[in-house]
Amino acid sequence: MIGSLGELLRRAWRHPSGRWGVIVLGLVALAALLAPPFLQDPAAMRDVVAGATAPSLAHPFGTDGLNRDMLSRVANGARVSLAVAGLAVVLALTVGSAVGLIAGYAGGWVDAVLMRAVDAALAIPRLFVILLLLVVWERIPLAALIVVLGTTGWFATSRLVRGEVLRLRHEAFVLAAEGLGATPGRTIVRHLLPNAAGPLLVAATLGVGDVILLEAGLSFLGLGIQPPTPSWGGMVLDARPLIVSAPWTALFPGAAIVLTVLSVNLLGDALQAALDPRSA
Amino acid sequence: MSALLELRDLTIRFPTALGESVPVSRVSLRIERGETLALVGESGSGKSLTGLALLGLVPPPGKLDAASQILLDGSDVTRLSGEALRALRGGRIGIVFQDALTSLTPVLTVGDQLREAITAHRKLSARGAREAALALLGEVGLPDPASSYGAYPHELSGGQRQRALIAIALAGQPDLLIADEATTALDVTVQAQVLETLDRLRASRGMAILLITHDLGLVAGRADRVAVMYAGQIVEEASTASLFEAPGHPYTRALFRAIPRLESAVDQLTPIPGGVPLPEEWHAGCRFQPRCSEALDKCATLDPPVVPLAPGASSRCWLPAKGDQ
Amino acid sequence: MSRWLFRRTLQAVVTFAVALLLLFFLLRLAPGDPLARITGDRTVSPQELAQLRARFGLDQPLPAQLRAFLGGAARGDLGVSIEHYPERVTSLLRARLPATLLLGGTVLLLNFSLGAWLGVRQAVRRGSRFDRWLTRLALAAYATPSFWLGLVLVAFVSVRWHLLPAAQMQDPLLAPEAGTLARAIDLLRHLILPALTLSLTSLALPLRHQRAAMLASFRLDFVTAARARGLTERKVRWRHAWRTTLVPMLTLLGLWLPMLVSGSVFVESVFNWPGLGSLAADAIAARDYPVLLGTAMLVSAAVVLAGLLADLGYALVDPRVRPT
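Protein chains in written order, with my numbering: chain A, 1 to 280; chain B, 1001 to 1325; chain C, 2001 to 2324.
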């Protein structure tokens, strides 16, 4: 399984936009990791009255409305966004795989009920579900945000995993193993992972992009990452009254979102193309 | 008078990951007005590609070799493009493919597609086109032209669909009709009927037919002349009568031995050992040599010449002409 | 045909009913007391609190609440807004729906036609610079948050360059006796920026779908057969190849509508467009649950309906699919 994953990644690397995606994503991740020790504390307020200042050597991304260094804020925002998105996606994959396994393996009415529920859940746009779940809190705890983001994004994964389980159930070798007395469950799981790993990885990368955009939007609405923790969406919200007088306060966080989501999506596409060359 | 169609050294090349593949190699043929030429070969022989090349429909990245010539009424059509090529397709050369279900657009009715093909080549009013379409459907032997006209391809039976396809191919009133395995997918009885229809149409319109098939049995009594194709080359060309009487090439002879015949009481059919080689496997010398039971030593290394056997008949072989059977 | 239609509609209704159930339990799931939030800064006496609780049925046991909820939904009564008390949720939704329909409809039309035209062009010119760069641009736009793009557009196009209005649906200063044409133009001017924002950030989806579907279509035998009949390339491309892509493009509708709806929450909020999206955004700030819930119910119904219409569309577009 590691071998086939490695092969997949290697083929994705050969894809030109995939390579670009990995590089940019790597840079963003690097910035996120190196931010705290090397850049100023984003919450440190200095001469607040000075307000937003344009980009300069001292502040390559300028300062925001409260005269906080934008570069450090954007870099720290990367930490939060990547962490939240990563955890949420892992959660979504786990839940989705579990549900898919149960539905595919149990079959019968369990499967029918689960899939009907998934259909109905998909009828409600994800954003609205998240809004309804988050709107009860005064200050949304980070854990709650991650859980909400994760538990609203597992439906497609469950269908995918269920599909694989169903396909494998009817494979000759599983039936043979069953005939020999082995539990089909073990066989399925052992063969499920290598087969599903590729599509799951693609779904994961594309899912990360979606979650970053969602989280930014939620922060923009005040329902995401709460200040003073820097978040890109929150920065755009803060920049709203300054957008004409100090456009850099909105430009840089926005550009950060675009670059990160784009690189993640390009990576996902490259992985997808590596899995199924005809779709290129 | 020049032939209706003459192919000179038709060669088709395909770039592949492993080098260049030449699935059709220096094919030369003549078809006279109003005659039926059968192009016989197994799958992989390059016969369908030859048919497509006449219409400029060789699928990319395939290309015609610069030395290839396709002369229609004396003028070379290999360099045609744009409006001239469009007018040729369906207007001077028509083609009927094997599978009518996949050759007809599923979202349009037969009538839509037929009218479309008619107006692509003839200036007619909407009413005129409709009438011409209905007439054509009747001409190809469809019992209820009106209902076929309004039907979608998937709503017709296999035989009806094939007839509809023939009607569409005739819409532009071509001088040459290519039937590329046109009846292979049909039941035997329907097959015979459709071939009858084709022959009738040929006579009534003075059309020539290029009958591409793998089935030698179809050829007897239907084609005037036969060209046998193997591994991208024409290995024998003769009138149908003399081909059946005395096949000149070992491959043709082997083909005859492999099909059951009513007259001779044969206990065993002799299949030809081995399989048709892929273009990548072709080498110098006779391409049939690995499977040939009559091969000489030099067949393995020296390209056999095209030897005339009789007027209009030739064989690509080192063996002197002989006829057994 | 009508039997199939009946069954399919029933299926849609069931899906919607289950969605309603899910929505009901969603609110109850979140920890905390919903009422504690709205009272906010004002000090509320225990009697007032009890009255509010009774008014919103929050003092009832869960099964009773569920019955009241479903019953209300069936009757078309979605309760009363907390923020705009005592306005009914349904009247608020009805007032805001047209604006969202206008914006959403425009974006749908824009994306479908642009996506079709450009996607086909990409497929025909596969591998060209046009193809590669358009894909990159569309992906970059897809990665762009709609609220951010909206803000940037407003800042430059409206405020800096004074080309188009910055917010709302109509010029409040427009003279009351202005003719229909003047009103229409004014509306159009207000519509351009929000529609463009929503359209650009979601164009990648129909574009890529169309391109892929077209490439698949080109490989089909009947396309070669159509060329062999001497039809013009244009006819082959549109009447034969493209028409066959309509079915995969219709499947996109079900995927796309939820995206559109979510995007409109941000875009309407940024442009102050008086539709359902901005209603939801305001409801968030005010913690107005009935309105949020009502909006969620309405958009879910729209998504289910869109799916049903797409299925009907298949039958219209592809004769092979028509149930006999």
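Each hint should be verified, as a subset may be incorrect.
Some, not all, of what chain A presents toward chain C, calculated at C-beta under 8 Å [unchecked claim]: (1) L9; (2) V110; (3) L114; (4) M115; (5) F128; (6) E171; (7) L221; (8) P227; (9) V236; (10) R240; (11) V258.
Just some of the chain A residues that point at chain C, by a computed CB distance under 8 Å [unchecked claim]: (12) L8; (13) R11; (14) W13; (15) A83; (16) A98; (17) I140; (18) L223; (19) I257; (20) L266.
Derived by calculation from the structure, the hints in this document are not laboratory data. Note that this is a predicted model, so its numbers are computed, not measured. For glycine and all other residues, C-beta sits at the position ideal for the given N, C-alpha and C.
Against the structure, the hints:
1. The beta carbon of L9 of chain A is not positioned within 8 Å of any beta carbon in chain C (closest approach about 20 Å), and the interface hint is therefore violated.
2. Look at V110 of chain A: its Cβ only gets to about 16 Å from chain C, farther than 8 Å, so that hint breaks.
3. With 8 Å as the threshold, the beta carbon of L114 of chain A stays out of range of chain C, its nearest partner Cβ sitting at about 12 Å, so the hint is violated.
4. The restraint placing M115 of chain A at the interface with chain C is violated, with a minimum CB-CB distance near 11 Å, outside the 8 Å limit.
5. Proximity of F128 of chain A to chain C holds as hinted, the smallest CB-CB distance being about 4 Å (cut-off 8 Å).
6. About 27 Å separates the beta-carbon of E171 of chain A from the nearest beta-carbon of chain C, more than 8 Å, and the hint is not met.
7. For L221 of chain A, the shortest C-beta to C-beta distance to chain C is roughly 6 Å, which falls under 8 Å, so the interface hint holds.
8. The criterion of a C-beta within 8 Å of any C-beta in chain C is not met by P227 of chain A, whose closest approach is roughly 16 Å, and the hint is violated.
9. Satisfaction of the interface hint for V236 of chain A is found here, the shortest Cβ-Cβ separation to chain C being roughly 5 Å, below the 8 Å cut-off.
10. This hint holds: R240 of chain A has a C-beta 6 Å from the nearest C-beta of chain C, less than the 8 Å allowed.
11. Because the beta carbon of V258 of chain A sits about 5 Å from the nearest beta carbon in chain C, less than 8 Å, this interface hint is met.
12. For L8 of chain A, the interface hint is violated, since its Cβ never comes within 8 Å of a Cβ in chain C; the closest pair sits about 20 Å apart.
13. Below 8 Å, beta-carbon pairs count as interface contacts, and R11 of chain A has none with chain C, the closest being about 19 Å; its hint is therefore violated.
14. Interface hint status for W13 of chain A: violated, as the beta-carbon distance to the closest one in chain C is roughly 18 Å, over 8 Å.
15. A least Cβ separation of about 19 Å between A83 of chain A and chain C goes past the 8 Å threshold, and the interface hint is therefore violated.
16. About 19 Å separates the beta-carbon of A98 of chain A from the nearest beta-carbon of chain C, more than 8 Å, and the hint is not met.
17. The beta carbon of I140 of chain A comes no nearer than 10 Å to any beta carbon in chain C, farther than 8 Å, and the hint placing it at the interface is violated.
18. Because the smallest distance between the Cβ of L223 of chain A and any Cβ of chain C comes to about 6 Å, under 8 Å, the interface hint for this residue holds.
19. For I257 of chain A, the shortest C-beta to C-beta distance to chain C is roughly 5 Å, which falls under 8 Å, so the interface hint holds.
20. At about 7 Å, the closest approach between the beta carbon of L266 of chain A and any beta carbon in chain C falls short of 8 Å, and the interface hint on this residue holds.
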